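Visitor: Below, each chain spelled out in residue letters.
There are 2 protein chains.
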Amino acid sequence: MIQTDPELFIQGILDGNRRIIAKTITLIESSLKEHQRNAFTVMDKILPHTGKSIRLGITGVPGVGKSTFIENLGVSLAQKGHKVAVLAVDPTSQRSGGSILGDKTRMEKLSAHENAFIRPSPAGETLGGVAAKTREIMLICEAAGFDVILVETVGVGQSETSVAAMVDFFLVLMIAGAGDELQGIKKGILELADGIAINKADGDNLKAVEKAKGDLEIAMHLICPESPTWSTPVMTCSSVIDGGTNNIWEMVLDHNKKFKASGEFKQRRKKQSLEWMWTLVEEGLKQRFKHNEKINKEIPKISQEVKNDKISPSAAAEVLLSYL
Amino acid sequence: MIQTDPELFIQGILDGNRRIIAKTITLIESSLKEHQRNAFTVMDKILPHTGKSIRLGITGVPGVGKSTFIENLGVSLAQKGHKVAVLAVDPTSQRSGGSILGDKTRMEKLSAHENAFIRPSPAGETLGGVAAKTREIMLICEAAGFDVILVETVGVGQSETSVAAMVDFFLVLMIAGAGDELQGIKKGILELADGIAINKADGDNLKAVEKAKGDLEIAMHLICPESPTWSTPVMTCSSVIDGGTNNIWEMVLDHNKKFKASGEFKQRRKKQSLEWMWTLVEEGLKQRFKHNEKINKEIPKISQEVKNDKISPSAAAEVLLSYL
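Just so you know, the sequences run in chain order L and S. Take 39 as the starting number for the first sequence in the numbering used here and just add one per residue. Take 39 as the starting number for the second sequence in the numbering used here and just add one per residue.
Keep in mind that a hint or two might mislead.
Note that identical chains are pooled: a pair holds if it fits in a single copy or bridges any two copies.
Here are the simulated lysine-lysine pairs, DSBU-like style, with alpha carbons at most 35 Å apart [to be verified]: (1) 118 / 295; (2) 90 / 71; (3) 224 / 83; (4) 224 / 345; (5) 225 / 245; (6) 251 / 296; (7) 83 / 245; (8) 245 / 335; (9) 324 / 118.
Please keep in mind that the hints were generated in silico from the structure rather than gathered at the bench. All figures in this text were calculated on a predicted structure; none of them were measured in a lab.
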């Protein structure tokens, strides 16, 4: 049975009690109405204690060495005394029955560190739901004193957009290919990046990495107009070289310092909160729509008619909305 | 008074009667319930006669020479016997009281040509509304026998996304700067492009254009993974050279031919129709939400509270949805 007195949870979280943190997360992930109500109360009460971490989002397709990068960066930060939480947004974790972070052996050294907290992706019906829970878990970790939150995304669907919308810095990991081309870019992702890191910059790979870096710098210059405060840097890093991720963390700190000085840090967070509210409203509206039995039954049929030009998209939308 | 017998409209449109076409568009743009019902009937009846044009979307920020480009391309096509309709999506046209295409003298030669039809952007409360009307006007033009539809966007808000979602080919116009850098790129736009044209490739400008072309080719190579059917070409063009836009039209025809052969042409249109239905459904849901009096009154207050961390985004969304 899950404890249900919100006060116990709140105090436990503020004390950094890991058992209570885990229980609160279970509440948040629960689909029981009563648990959700309690989670709600807890979230409301801890809100004033949140916001004091650096939120770093990390994306990269499988093969770019994301886990090792996160482990190395995390261990290095934990050793310096930072309290590091690693969360994940993976909308497929339910379907596969597991999660990209379910297997903690993936980050063996980090998960064994007393300053670290690793949490697999919450399951959920929709990306919005998964991201919503991750966002709340992030706030819980902040209230519990974690000062660095690493949010990983596997890059399924629009998950990068969701993660970029909840972090202070969005890092895109890539690698150079066998030739000089870049691997691991998904459409639309570069434009979300606050920084890019070309990983595996070591050994025989160095020449290809340098060429890829040059190309990418040209591309970023074209895609992202220079801002007085920040233009997206293209860095290189390595997980087999000692301290090979330090420059990436320095970049994050530099961005943090500049954005705090310019006021953009606070502004970005306020904007994110507001956008988050609207995302949830839209999600809620869509859920109500799709859970309407008549509409749900009609969707496949009318979709087919639209595809075959039997009915115009506007007429079809009108029909579906009329059932509400 | 507007004629209201739908049969008259339908026959008039199919006959290519410009007076009737204009009247139908007025019906579509009207906010009167009765007009909308009639427009609906007309749209439904002409649906089988639509779809036979090449739909070309054109974007570019002010200064890249978009109007002159469209005029030259349009006149050249009209002279070859094509029937060319020029439409615009400009969600600001209502606010400014005019429209980017309101002043037909902007395209003097084209608007005087008997094969051309130029229509300013419809007004509307939302981008979704403006785009919806433009899409319907496009269908009317097709039913009336226009075989090339040029849809212009001024690039406000997400208007490029709306236009890209209704055309067969989305063209991005740019120019080279005084140095060798590129001007006129908006974030996220390059990834929508089926083709890019660097305009004003003439005279002293040629060297800068060539350099910009090379850089852009590298960037596009990184952003857009090669497809077996199509990789976004970077072309150059000029409106002061005779036939300086011919190569652009050839690119569009080449794309059209290849996409028709591979089946992607039909697939893209089907996908667009279905996405369009969902866009309209979401738009409809949002409108109902925002037109709810209690919600409408609450939004500014609760937005402020979210921004100032007085309430969490999830709690705020919950509150707003509870009023429905």
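Visitor: Could you run down the list of hints and mark each one as holding or not?
Guide: Results of checking the hints against the structure:
1. 118 / 295: Answer is within: at 19 Å inside a copy they meet the 35 Å cutoff, but 60 Å across does not.
2. 90 / 71: Answer is within; shortest intra-copy Cα gap is 30 Å, inter-copy 53 Å.
3. 224 / 83: Neither, since 39 Å and 41 Å both go past 35 Å.
4. 224 / 345: Both, since 27 Å and 32 Å are each at most 35 Å.
5. 225 / 245: Both ways: residue 225 and residue 245 sit 25 Å apart in one copy and 30 Å across, limit 35 Å.
6. 251 / 296: both (24 Å within a copy, 34 Å between copies)
7. 83 / 245: Intra 53 Å, inter 62 Å, cutoff 35 Å: neither.
8. 245 / 335: For residue 245 and residue 335, neither the intra-copy (57 Å) nor the inter-copy (60 Å) Cα distance is at most 35 Å.
9. 324 / 118: Intra 45 Å, inter 48 Å, cutoff 35 Å: neither.
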